[in-house]
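Peer 1: These are the residues of each chain, in order.
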Amino acid sequence: MIEIKNLSKSFQTTGNTTTEVLKDISITIQNGDIYGIIGMSGAGKSTLVRCINMLERPTKGTVMIDGCDIGSLSKKELRQIRQNIAMIFQGFNLLMQRNCLKNICFPMELAGMKKTEAKKRALELLNMVGLPDKANAYPAQLSGGQQQRIAIARALATNPKILLCDEATSALDPKTTHSILELIRDINKRLNITVIIITHEMSVVEEICNHVAILDHGVVVEQGTVGSVFSNPKSTAAKRLVFPSGVYEVLRTNTKERCIRVVFHGALATGTPLIAQMAVKQNITANILFASTRCIGDKVYGNMLLGISDDDVVVNRAITYLQGIDNIVVEELGDNV
Amino acid sequence: MFNQESLAEAGQILLNEFPFAVWETLYVTMLATAFAILIGLPIGVLLVVGEKGSVLPFPKGIMYILNIIINLLRSVPFLILMILVLPLSRLIIGTTVGTVASIVPLVIAAFPFVARLVESSLRDVNPNIIEAAQSMGASPLQIVVKVMLPESLPSLLSNATIAITTILGYSAMSGIIGGGGLGQIAINYGYYRYRYLVMIAAVILLIILVQIFQSLGTFLAKKCDKRLKRKR
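Line order of the protein sequences matches chains A and B. The end of the first sequence is residue 341 by the working numbering, with every number in the run present. The end of the second sequence is residue 242 by the working numbering, with every number in the run present.
No lab work stands behind these hints: they were computed from the structure. Being a predicted model, the structure only gives us computed values, none of them experimental.
Just a few of them, taken from the derived set where beta-carbon distance is under 7 angstroms, the chain B residues facing chain A: (1) GLY147; (2) GLN152; (3) PRO160; (4) GLU161; (5) LYS236; (6) ARG237.
Here are the simulated DSS-like cross-link-like pairs (lysine-lysine), alpha carbons at most 25 angstroms apart as the crow flies: (7) B:LYS233 to A:LYS106; (8) A:LYS124 to B:LYS156; (9) A:LYS123 to B:LYS236; (10) B:LYS62 to A:LYS80; (11) B:LYS236 to A:LYS106.
Using N, Cα and C, we set each Cβ at its ideal position, and we do this for glycine too.
Construct all of the structure, not just a fragment, from the sequences and the given hints.
Peer 2: Written as structure tokens, this is what we have:
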């Protein structure tokens, strides 16, 4: 279990001013979980993930891994424990002058493993990530997706308990992203490795994470299961991430209508002919401004924005009606979405 | 200058003295470069890893003094440095004249230069790769030996080429204080005895040597760089 407690981090900037990048962050991550940390660029995600293996020292607060406060470890003990916390990066960060096999051997070399043993394990890992024929290829000869696979194999070499992914798919195209996420999920299931995923892409969290924390300007504004956060985002930052940008700004221009957001949980709710029923039974006509359906884990989530004529009575009736249906969350949107 | 007599004389000198002079030049250059790398490489490494926020931060004062010493040595013109280190040559070699004695000022002049070259090579190593090694639990020594030096090898090799050609030039200059080699011949015959042909021949040989070193260095640097290898 990883427990981040009241963690803050400030950086000394020019002069004597300090910028607080992370403010009082508390997150608990269970063993075997896939935990997403999402935020816009500059939100402090990368700093937060570097606090987990102490590449960055937190200014305040603690990071406990399986009950061990890793901030209090000596340099040597910290190096030891880092072999249990592997990390992959946006830029892959492979050693460019070593071939793939030797790249995978690298962490085992650092740990002092015998060469023949390390080579054997490296070949196994190459197989596992689906690149058994690339042992003698150099990173410059591989595509981005292949390089990330090698980086994953390298990360797994020392049998880590935790895998930190710092924007690991941000440099890849959607198809490759998907295949890398598949691989990470497979590793998580097969080896029971706890995975922490840092990303700015909602689709990544949707596809693979069980839990998510939303980071905004160094503060965790929302956390919970991916389903709950996505179906009912409360904070502005969460809403900005869940709903495509720009939609609201454009919609705001039509002042004759009021906006209602309807969120469906599960396939049952998505199967209801909601708008038609509302028109027939309540005689309220609704204009669909935006709609999307997405799969999170094994559940389906729908999300719709309805435009209803600017009349308090009608809007309230519509909301009451919609709230009466199972697995549906309704709210009226004010000016600040 | 190009009459029969002087041509014959130059040819004679070329045959009698040049083979040994070339050997002396190579010998002095190689040895001085080897010592300069021996001293300059660790200092260059220290200049990078000892910095604040780097792999193995050293006290600010030490880094400051180290930088000042290097800059001081780099700013003394070689001609003057040769004379300044005469007592040191006497202390180490036992004499101040001759080919072996000229190695001392060459090393003193070249090691700060080598340190700066190593520094610039190591600074080009992608800091993200170093961070990745740290995240795997690499110690500072492991980062230097297994990451920084191997990753910057192509750049180190092309900088070594720069160093060796510069030291070759310096070694020619040391002919002034009695160091042997092509420089001495060029100065003795060309400057003191107006045998311009001999001087030109010596200069041409120096040019050829520089060309050979440079081509070899560039070839090796390119050959060992795995970033340039494209898909087979």
